[in-house]
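**Student:** Sequence:
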Amino acid sequence: MAEALGAPTAHARRQQEENENLWIIYGKKYDLQNFVDQHPGGKAAIELGRGRDCTALFESYHPFTKQHRIKLQKNRVTGDDDQAEDVNVSYVTIPNYDPFYEKLKDRVAAALRENGVDPITDRVSTMKRALWYTFVLVWIVVAGIYHIKANLLGSLMLAAGGWMGTGVGHDAGHFAVSRIPFINSIFLWAISFGANPIMWQYQHTFAHHSHTNELNHDPDLHHFGVLLRVHRQFKYERGYGHGLQHYSLFVCAAYSVVSLVLCILLPLDVIRTGTIYGIVECVKGKGKRRLQEVFWMLLHLLIYMTIAVIAPLFSMRPWYISFLAVATQLAVSGFLFAIFTQINHLNQYSIEPRGSCDLIRTSWAARQVVTSNNFATDSVVWYILSVGLNFQIEHHLFPGLNPCHLHLVAPAVSETCKEYGVLYKSYESWSEIMGEMLRYLDTLSGDEAQSK
25 MAEALGAPTA HARRQQEENE NLWIIYGKKY DLQNFVDQHP GGKAAIELGR GRDCTALFES
85 YHPFTKQHRI KLQKNRVTGD DDQAEDVNVS YVTIPNYDPF YEKLKDRVAA ALRENGVDPI
145 TDRVSTMKRA LWYTFVLVWI VVAGIYHIKA NLLGSLMLAA GGWMGTGVGH DAGHFAVSRI
205 PFINSIFLWA ISFGANPIMW QYQHTFAHHS HTNELNHDPD LHHFGVLLRV HRQFKYERGY
265 GHGLQHYSLF VCAAYSVVSL VLCILLPLDV IRTGTIYGIV ECVKGKGKRR LQEVFWMLLH
325 LLIYMTIAVI APLFSMRPWY ISFLAVATQL AVSGFLFAIF TQINHLNQYS IEPRGSCDLI
385 RTSWAARQVV TSNNFATDSV VWYILSVGLN FQIEHHLFPG LNPCHLHLVA PAVSETCKEY
445 GVLYKSYESW SEIMGEMLRY LDTLSGDEAQ SK
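Numbering (my numbering), first residue to last: 25 to 476.
Some clues are possibly wrong.
The following label-pair restraints were derived from C-beta to C-beta distances [to be verified]: (1) V101 with P123: 41 to 47 angstroms; (2) L268 with W320: 36 to 42 angstroms; (3) D55 with S403: 45 to 51 angstroms; (4) I334 with K312: 28 to 34 angstroms; (5) K98 with L337: 52 to 58 angstroms.
List time: in silico DMTMM-like cross-link candidates among lysine to aspartate or glutamate, alpha-carbon distance up to 20 angstroms [said to hold, decoys possible]: (6) K90 with E44; (7) K95 with D55; (8) K67 with E305; (9) K90 with D146; (10) K312 with E44; (11) K127 with D55; (12) K98 with E71; (13) K173 with D146; (14) K127 with D382; (15) K52 with D142; (16) K312 with E71; (17) K52 with E71; (18) K98 with D55; (19) K152 with D402; (20) K127 with E443; (21) K312 with D466; (22) K90 with D122; (23) K67 with E261; (24) K127 with E439; (25) K95 with E83; (26) K67 with D55; (27) K442 with D466; (28) K67 with E44; (29) K98 with D146; (30) K98 with E83; (31) K95 with D61; (32) K442 with D382; (33) K442 with D61; (34) K442 with E452; (35) K442 with D55; (36) K90 with D142; (37) K98 with D142; (38) K259 with E238; (39) K259 with D466; (40) K90 with E126.
It is worth saying that the hints were derived from the structure and are not from the lab.
Quick caveat: nothing in here was measured; it's all calculated off a predicted structure.
Backbone N, C-alpha and C fix where the C-beta goes; we use that ideal spot for every residue, glycine too.
Using the sequences and the hints given, assemble the complete structure.
**Tutor:** Written as structure tokens, this is what we have:
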């Protein structure tokens, strides 16, 4: 029977199905299916790259070894159709050899060793950091017990503890809590009051870190829709929130809905469509893996809704107290999440970096530096409050390195950036970087800022 007009040919469908079980690295195809269970970083880590261009993941999670390249070549798919097509690639071509990134790797590894940290065996959390994780988990449990009783202080503490738990889950999502994959998988769920843990891996660990601030590839630019306009290429929506983002209080109010989006609304849409905002495909294909991920996403949704919303509303407290408890937890949780994450990438110098240096056109690592921001790096207090995200530049260059080690390598990264002429932005305080973000949002609050 003839193919319908415009429908994929049998060959195209077969090619698509084959690509769903291949890993695309540097534009070449690799069949790693037999290696998945043997992967030292765990099955979840390598599965993130299945069926897509995972070059950035491949390089950034193996910065201090060459063994990954040896293993890769043994699984190369060769033939006439070798060149990968129709994959989600960055508009910054990632070269097989990036002198800037190689220099960074050498100097960072040396800095770690000088401080008694082996770049491979000691890259994860220290004992002190592990004790902090334990404290945070206990905090969440205790606060959660009071929150479900509609205790307002408990709701406030759950929001704060939930943000700290987001830091724990964030580290686990980057496979940096432990070298034991199962432990990372368990601790990933500590992010549950900040985002859906299953969705988070595709949204953040893969997409955001691979394609930072790329409009059509980074889902973090798409969270706010009509509430906030965060990029000039987004259409100015007159009559919605875009005109109001001139006011700092409105921006803060908009940020208070982040938990509602990341824990409820967006996961529901991902379950329905299989994509995040239509730009990041989650599990490739359908079948068993897709059903498993949907199950875990639904389980999180059920647990989150029960603890954060349903249980307090059915407590023995007056209805208005119960409602206020739920609203407090949701709003404060979202606000904390937003003010410590949006500032890391959202200002004019990070969104529009093309004039900052020529190297960002050819170096993925240079682009990670320019699109990220550090702040208050000398402050222990801000390090704790930001769950270690104040060293954002170093984190994006070496995502598998636990945040407790980032301060050790920051001088080496800064020095290398200066040597190569790459803009390294480190703000003195949280208020300074927050102000920079608010000024940028203000410039987009009028339709005259619409991109031509």
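**Student:** If a hint holds in the structure, say so; if it does not, say that too.
**Tutor:** A quick look at each hint next to the structure:
Between V101 and P123 the beta carbons are some 29 angstroms apart, a value that contradicts the proposed interval 41 to 47 angstroms. Taking 36 to 42 angstroms as the suggested C-beta distance range, the pair L268 and W320 conforms, at roughly 37 angstroms. Between D55 and S403 the beta carbons are some 48 angstroms apart, a value that agrees with the proposed interval 45 to 51 angstroms. Separation of I334 from K312 is about 31 angstroms and conforms to the stated range, judged on CB atoms against 28 to 34 angstroms.
A beta carbon spacing of about 56 angstroms between K98 and L337 agrees with the range 52 to 58 angstroms that was offered as a hint. For the proposed pair K90 and E44, the alpha carbon gap of about 26 angstroms is over 20 angstroms, so the pair is violated. Annotation: proposed proximity of K95 to D55 holds, straight-line Cα distance about 11 angstroms (limit 20 angstroms). The straight-line distance between the Cα atoms of K67 and E305 is roughly 19 angstroms, inside the 20 angstroms bound, and the hint therefore holds.
For the hint linking K90 to D146, the alpha-carbon distance of about 17 angstroms falls within 20 angstroms, and the restraint holds. Pair hint K312 plus E44 holds up; C-alpha atoms about 14 angstroms apart against a cutoff of 20 angstroms. Pair hint K127 plus D55 does not hold up; C-alpha atoms about 30 angstroms apart against a cutoff of 20 angstroms. Taking the CA atoms of K98 and E71, the gap is near 18 angstroms; set against the 20 angstroms cutoff, the hint holds.
Between K173 and D146 the alpha-carbon distance is near 42 angstroms, which puts this suggested pair outside the 20 angstroms criterion. At most 20 angstroms may separate the alpha-carbon atoms for a hinted pair to count; K127 and D382 meet this at roughly 17 angstroms. Distance restraint check for K52 and D142: the Cα-Cα separation of roughly 32 angstroms exceeds the 20 angstroms cut-off, and the hinted pair is therefore not satisfied. Annotation: proposed proximity of K312 to E71 holds, straight-line Cα distance about 14 angstroms (limit 20 angstroms).
Between K52 and E71 the CA atoms are separated by roughly 17 angstroms; this keeps the pair inside 20 angstroms, and the hint holds. A threshold of 20 angstroms between alpha carbons decides the hint, and for K98 with D55 the separation of about 9 angstroms falls inside it, so the pair holds. For the given pair, K152 sits about 19 angstroms from D402 by alpha-carbon distance, which is consistent with the 20 angstroms threshold. With a C-alpha separation of about 10 angstroms, the suggested pair K127 and E443 falls inside the 20 angstroms cut-off, and the hint holds.
Only pairs whose Cα atoms come within 20 angstroms are accepted, and K312 paired with D466 is rejected, the gap being roughly 46 angstroms. Of the supplied pair hints, the one linking K90 and D122 holds, its CA atoms being roughly 14 angstroms apart against a limit of 20 angstroms. Restraint check for K67 and E261: not satisfied, since their Cα atoms lie roughly 43 angstroms apart, outside the 20 angstroms limit. Restraint check for K127 and E439: satisfied, since their Cα atoms lie roughly 11 angstroms apart, inside the 20 angstroms limit.
Taking the CA atoms of K95 and E83, the gap is near 13 angstroms; set against the 20 angstroms cutoff, the hint holds. Restraint check: the Cα-Cα separation between K67 and D55 comes to about 15 angstroms, which is no more than 20 angstroms; the hinted pair holds. For the suggested pair K442 and D466, the alpha carbons sit about 30 angstroms apart, so the restraint of at most 20 angstroms is broken. Under the criterion of a C-alpha separation no larger than 20 angstroms, the hint pairing K67 with E44 is consistent with the structure, at around 16 angstroms.
Note on K98 and D146: the hinted pairing is violated, with a Cα-Cα distance of about 28 angstroms set against a maximum of 20 angstroms. Between K98 and E83, the direct Cα distance comes to roughly 17 angstroms. Compliance with the 20 angstroms bound is thereby established for this hinted pair. Restraint check for K95 and D61: the C-alpha separation of about 14 angstroms stays at or below 20 angstroms, so the hint holds. The straight-line distance between the Cα atoms of K442 and D382 is roughly 14 angstroms, inside the 20 angstroms bound, and the hint therefore holds.
Proximity of K442 to D61 is assessed by CA-CA distance (about 41 angstroms); at most 20 angstroms being required, the pair is judged violated. Of the supplied pair hints, the one linking K442 and E452 holds, its CA atoms being roughly 18 angstroms apart against a limit of 20 angstroms. Distance check on the hinted pair: K442 and D55 sit about 39 angstroms apart at the alpha-carbon level, beyond 20 angstroms; violated. A threshold of 20 angstroms between alpha carbons decides the hint, and for K90 with D142 the separation of about 16 angstroms falls inside it, so the pair holds.
The hinted pair formed by K98 and D142 fails the criterion: a straight-line CA distance of about 28 angstroms is larger than 20 angstroms. For the hint linking K259 to E238, the alpha-carbon distance of about 16 angstroms falls within 20 angstroms, and the restraint holds. Straight-line distance between C-alpha atoms of K259 and D466 comes to about 15 angstroms, which keeps the hinted pair within the 20 angstroms bound. Straight-line distance between C-alpha atoms of K90 and E126 comes to about 12 angstroms, which keeps the hinted pair within the 20 angstroms bound.
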